[in-house]
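A.B. asks: Use the sequences and the hints to build the structure in full.
First to last, the protein sequences are chains G and V. Last residue of the first sequence: 261 (our numbering), numbering continuous. Last residue of the second sequence: 256 (our numbering), numbering continuous.
Derived from the structure by calculation, the hints contain no laboratory data. A portion of the hints provided could be inaccurate.
Computed from the model, here is a short list of chain G residues facing chain V with C-beta under 7 Å [what the hints assert, rightly or not]:
no. : residue
1   : Pro29
2   : Leu91
3   : Val169
4   : Gly176
5   : Asn185
DEER-style ranges, computed between Cβ atoms [unchecked claim]:
no. : chain 1 : residue 1 : chain 2 : residue 2 : range
6   : V       : Phe7      : G       : Gly50     : 32 to 38 Å
7   : V       : Ala90     : G       : Val98     : 50 to 56 Å
8   : G       : Gly50     : V       : Met13     : 46 to 52 Å
9   : V       : Leu219    : G       : Trp25     : 41 to 47 Å
10  : V       : Pro134    : G       : Gly141    : 53 to 59 Å
11  : V       : Arg122    : G       : Gly217    : 39 to 45 Å
12  : G       : Trp25     : V       : Arg122    : 40 to 46 Å
13  : V       : Val193    : G       : Val239    : 44 to 50 Å
14  : V       : Leu230    : G       : Ala17     : 52 to 58 Å
15  : V       : Leu230    : G       : Gly217    : 54 to 60 Å
16  : G       : Phe118    : V       : Val196    : 21 to 27 Å
As the structure is a computational prediction, the values presented were derived from the model and not from experiment. All residues carry an ideal CB built from backbone N, CA and C; glycine is no exception.
In case you want the letters, here they are:
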Amino acid sequence: MTSLRIFFIGGLTSYRALFNWITPWILVPTFVVGPITQMLLFVYIGRNAGIGSDEFFVIGNALQYAAIPCLFAMSNTIADERRQMTLGIILSTPAPRVPLFLGRAMPVIANGFLVSLFALVAGGLMFGISVPAPAYLPIVGVTALCAFSCTGLGLVGAALGLRVRETAVLSNVIFGVLLVFAGVNVPLDDLPDWMAAVSPWLPLTHGIAAARALADGATGASVTGEVLRETGVGAAYVVIGMAMLSYFEWESRRKATLEMA
Amino acid sequence: MRTARVFAVAWIMHLKMLSRSSFDGVLGVLWPLFFATIAFLMYGAGGDDATLLYAAVGASVMGIWSSVSTAASSAVQRERWAGTLELLVAAPVRLPVVLLPITTAMATVGLYSMVATLLWGRFLFGIDIRIEHPLLFALAVLATVLSIGMVGFLMSVTVVRYRSAWALGTAFEEPVWLACGFLVPVAILPAWVEPVSWLLAPTWGVRAIREAALGGSPLPDIALCLAVGLCYAAVGFYFADRVLTSARRNATLSLS
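C.D. replies: Below is the structure:
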């Protein structure tokens, strides 16, 4: 029962406590304007370069934009606690770590999902993209899955936040890596071989491929492979993130470096 | 003379500080490189070398704007957080004379990104980057840095009441890349964008840099770039005085 309380109430409280971040003055430019301008940029580059379709860029960039809340909010759950001098207090409590950190991830997944969903709808309307009606629900599901897998990577970023002072720089760099490597704007076949070899191991790659296939008329069953791979990648990052959090917390206690990143 | 000295000293001091900042320095170089990489891959896939060169030169200017758009929007806020805003306002030098070199230093830091992007394009993507008029190219870059610094100055004083102005500045980053023709010709955008682009100093800056690099005549664009930038600076001076007077009258200088 305590674990459930930590998971749900603790997670929501932690999310609401992102005071420096959860304000319409930041959310509107970041989560409403941001994905639209990114889509516009790449749609027009695509048109000028003569590659891809508007649908290709709208789906890629809309799903990829989940990375903004998923990476930044997760790393801020560590960095903001440190800034507000509460990190030590939290880590000195006997609260089990799995519900403590995974609970913080839940509202972030919801946030990333809503940002991507908004971007998909806005981009679809702006560019007049037609998607078969039976694909709506599966695409919504894939969008939620992408938010989950991105949050897994965000957990890794949050863990690195116990060691890296500049979490904003770190999250921006990870965002950029996803933008380049995850097949968001450049088809995987057009990426250099070494880049294409990295892509399958990143969140979003399989989810974006699945969403594009669904929008092109593929059935839900035909994208099961991509969906399973995206789930596997997301789950792997969650496990890696939790392991890193445990290790860095242990090391911080041993070396008394919790507040020194 | 005193104003020139303040400008020079403040510019050098802030350039040194920004160069040592991981956010403004390191990320300032890396962030535009991600976008440049995608643009190079997309134009490379399109198979048109001339378009690739066009994009490479435009992409190199992205970093100058990126280093200003977010940071300049929160320039005053940073001074407020550092507890130095009151000191700057109380100093005998006018506040705009202190702010302008800060935003110019931000634009100057963008030169790291410019060089990095050109080298990235040359050595990783094999783009044959030749600068036909090196001196005019340098002049165009200088004019672009100055005018983007002036745009940043105007942003810094107009959004001073907006506590989270950095988010607004970030939201301006990609629209300006797009509307000013950094990566795609303005002609392919909706028709209403072109008149808007004429009012944006970076439009003339990137045109001048392209003209100089590709062998055209950049002087008219350089002149327009500086002229539009000076207009921004004049408006910025006016706003700065108004905002400062209001903050003093209402005792809100340290509030936001």
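A.B. asks: With reference to the structure, classify each hint as holding or not holding.
C.D. replies: Hint check results:
| no. | hint | result |
| --- | --- | --- |
| 1 | Pro29 | holds (4 Å) |
| 2 | Leu91 | violated (25 Å) |
| 3 | Val169 | holds (5 Å) |
| 4 | Gly176 | holds (3 Å) |
| 5 | Asn185 | holds (5 Å) |
| 6 | V/Phe7 to G/Gly50: 32 to 38 Å | violated (46 Å) |
| 7 | V/Ala90 to G/Val98: 50 to 56 Å | holds (53 Å) |
| 8 | G/Gly50 to V/Met13: 46 to 52 Å | holds (47 Å) |
| 9 | V/Leu219 to G/Trp25: 41 to 47 Å | holds (42 Å) |
| 10 | V/Pro134 to G/Gly141: 53 to 59 Å | holds (56 Å) |
| 11 | V/Arg122 to G/Gly217: 39 to 45 Å | holds (42 Å) |
| 12 | G/Trp25 to V/Arg122: 40 to 46 Å | holds (41 Å) |
| 13 | V/Val193 to G/Val239: 44 to 50 Å | holds (47 Å) |
| 14 | V/Leu230 to G/Ala17: 52 to 58 Å | violated (46 Å) |
| 15 | V/Leu230 to G/Gly217: 54 to 60 Å | holds (55 Å) |
| 16 | G/Phe118 to V/Val196: 21 to 27 Å | holds (25 Å) |
Of the numbered hints given earlier, the model fails hints 2, 6 and 14; all others are met.
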